[in-house]
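Student: Can you make the complete structure from the sequences, with help from the hints?
Respectively, the protein sequence lines represent chains A and B. For reference, each letter of the first sequence is one residue, going 35 to 204 in the working numbering. For reference, each letter of the second sequence is one residue, going 7 to 505 in the working numbering.
These aren't lab readings, by the way, just hints derived from the structure by calculation. Take these hints with a grain of salt, some might be off.
Quick list of in silico lysine-lysine cross-link-like pairs, DSSO-like style, CA-CA up to 30 Å [to be verified]:
no., chain 1, residue 1, chain 2, residue 2
1, A, K60, B, K487
2, A, K141, A, K128
3, B, K484, A, K44
4, B, K225, B, K152
5, A, K93, A, K44
6, B, K487, B, K251
7, B, K251, B, K271
8, B, K193, B, K209
9, B, K487, A, K44
Between beta-carbon pairs, the in silico distance windows are [said to hold, decoys possible]:
no., chain 1, residue 1, chain 2, residue 2, range
10, B, F454, A, Q127, 29 to 39 Å
11, B, G457, A, P177, 21 to 31 Å
12, B, L222, A, P177, 53 to 63 Å
13, A, T88, B, R456, 27 to 37 Å
14, A, P177, B, S254, 50 to 60 Å
15, B, F454, A, L108, 26 to 36 Å
16, B, D321, A, L108, 50 to 60 Å
17, A, G163, B, F454, 17 to 27 Å
Beta carbons: idealized from backbone N, C-alpha and C, even for Gly.
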Amino acid sequence: MKICPFCAHKNREGYLYCEECGQPLKSDEPSATLPTKQLEVSPDDYAAHATWGTARFEKDSAIIMHIRDTTEPLTFQPEGQTVLGRSDNTSTQKPDLDLTPYGALEKGVSRIHAAIFRTEDTLTLVDKGSANGTHLNGQRLVPNQPRVLRDGDEIRLGKLIAHIYFKPQH
Amino acid sequence: MNIDFDPYVVLGVASDASFEEIKDAHRRAVRRLHSDTNPNKGAVAQLQDINVAYNLLSEPDKRERYNQQAKKLPQRKFDFILRVTPSKRSLAPMPEPQVVYMLVEILPDPRAREQQEVVTRQSRLNLTLVLDRSNSMNGVRLERVKVAAHQIVDQLNEDDVFSVVTFNDYADVIIPATSVQDKAQLKAHISMMSASGGTEIFKGLAAGIEQNRQFLAPKLVNHIILLTDGNTYGDQERCVSLAKKAASEGMIVSAMGLGSDWNDKFLDEIATVSGGACAYIKSPSSVVQFLNDHVRSLVNVFVERLQLSVAPDADVRLETAFKLAPNSQPLSVEEPSLALGNLPLNRITSVLLQFEVPANLQEGFRSVARLIARGDILANDDPRFQALSDFSIGISRNAEQEETPAALLDALGKLTLYRLQERAQEAVESGDIQEATRRLENLATRLFERGQDELGQQALAEAQQVAYTSSLSDKGRKALKFQTRFLLAPPAESSESGS
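Tutor: Put into structure tokens, the structure is as follows:
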């Protein structure tokens, strides 16, 4: 199985383009190429690990978010949807993660800017139609189209730059 | 016994092979292709030929007679070349099935290009136009069709054969099949067309095929062009089986839809089963150019009635097939062989095949499929010719990472756009509006990336259309389908585009 790095669609092994979003699937990404000996042990587990790589978000893990030019990283456990934005007295909707203390207003973060979705084993980042856009590793996201979030990714909300790390719970 | 292929090649044995070798080769083939174990349509067809070859070569008398006959055959002037490029030459065994692509190209003999005049002279046309004159064609549409037909008459040579059938609720043969002598008279007949009544494609198509059949010959380009702007009701299946039968006799049907009210799936199927082209003509103003370009592509034909038979091994599936060039057209893997139409002298026919190979492959070197391309080389005295290619891959746990061949990657990238459009449409049909909208937006993004801004805008417009009305617009749907498909066909060589 080949998981599309852009939309997390599960493509069949051997596909060269994602059938869901049309992006090329890189052949040098690790895929489930297994020695048969290990296969006999537990094919499913091993296959899953081999394909997911840095995109796998373990149960009970937490996200560490390093916002540039700040000292204290944010740590939180995403459940379902985590909305990133800035809180504002006039608006009715509040974000789950308020970035006002990190200069969100000056850096052009929208009130409801982006969201991190948690599915079983992965996280996806979605732009919620923000004014100044959401970038993932330098690529601007199309609003409302989820992209897989990996350990070590750089995200940018307006001009606010942050790095995302996964912290497994022991 | 008359056979139109080389039995030694089909069995894969040398011309001095012993009886034991022949028996062995036959047994191997049966094991590989028999329908008890191999569900692929192409396997059955190829096994029939192998059985014929075996019956011929296993009996010394027959074999000797064949050898004598073969010696007397005239030297073939020209061949064509079958070239196969797989996405991977070696595979690692996987715990799951995997997909392998294959780019199949059929190229005219390089010697033929040097003798273009000889070849072109041999490419004589037997052309039938089947033209819709239902009420909806009234006015500018019919007028443009007349102009187009006039220009086609001008293009023809004296030894070409030409016929015209018009249809509404009935079919009229306005020009019975005849050699092109008096062009002015032919044009006068065409000018008298007038529009009225409904659209019954079956009657028109049947009459057209009957006209074409009168001069049907293996040394001619026997081609029928059907042009309609409407839907036919209740006779679509009969039309398709008619086209299939015509194809088996050696005729090719191309279908052109004008405007946005015709049934694209239906016309597509007619073209697919016979090896013709299906085209969408957006507005009457482009009818003249469209038809003329199509006829021009027919006067340069090097191979006519090209067929590709694909016989995968029993555990391999041929999943999809798509013709990329000279014109792009989906192919049906349900047929025993893929109808590829004609190959003009200065073009290449290329087809993209998608196979699935099973999980947990045994290590070693194994065959995947046998491909046979067959067609009539019009410039040869004995036009029948076939080229054969056996495709094998290595299976190894440490299979090397390979670069995917650029031509294959490029073709597949473009085909992905067409498939996205298809998948969006499937989602609309199954009522999954959210999914359909997302796929259309994805398609738009990919189109913008490729600099196809106009088409990208169209995809976005359709995404909105779907979100509001839960269906695609007739016009937008056809535009996306045929224009994403059009991206697949490489541009014609400059030598051809000069009119």
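Student: Assuming the hint says 50 to 60 Å, is it satisfied by the Cβ distance from B/D321 to A/L108 or not?
Tutor: Given a distance of about 53 Å, which is inside 50 to 60 Å, the answer is holds.
Student: Take the C-alpha atoms of A/K141 and A/K128, compute the straight-line distance between them, and say whether it is at most 30 Å.
Tutor: Holds - the C-alpha atoms of A/K128 and A/K141 are around 18 Å apart, at most 30 Å.
Student: Holds or violated: B/K484 and A/K44, Cα atoms, limit 30 Å.
Tutor: Measuring from Cα to Cα gives roughly 29 Å; hence the hint holds.
Student: For the pair supplied as a hint, B/K487 and B/K251, confirm whether the alpha-carbon distance does not exceed 30 Å.
Tutor: 27 Å, holds
Student: Lying within 53 to 63 Å: is that true of the beta-carbon distance B/L222 to A/P177?
Tutor: 58 Å, holds
Student: CB of B/F454 to CB of A/L108, is that within 26 to 36 Å?
Tutor: 35 Å, holds
Student: Quick one, are A/K93 and A/K44 close enough, alpha carbons at most 30 Å?
Tutor: 20 Å, holds
Student: Within 27 to 37 Å: is that where the Cβ-Cβ distance between A/T88 and B/R456 falls?
Tutor: Given about 29 Å between the Cβ atoms, the range holds.
Student: Do the beta carbons of B/F454 and A/Q127 sit within 29 to 39 Å of each other?
Tutor: Because 31 Å falls inside the window, the suggested range holds.
Student: So the hint says 50 to 60 Å: do the beta-carbon atoms of A/P177 and B/S254 match that?
Tutor: Cβ of A/P177 to Cβ of B/S254: about 53 Å, so the range 50 to 60 Å holds.
Student: Using the C-beta atoms of B/G457 and A/P177, is the stated range 21 to 31 Å upheld?
Tutor: 22 Å, holds
Student: Can the suggested window of 17 to 27 Å be confirmed for the beta-carbon pair A/G163 and B/F454?
Tutor: 18 Å, holds
The structure is consistent with each of the numbered hints, conforming to all of them.
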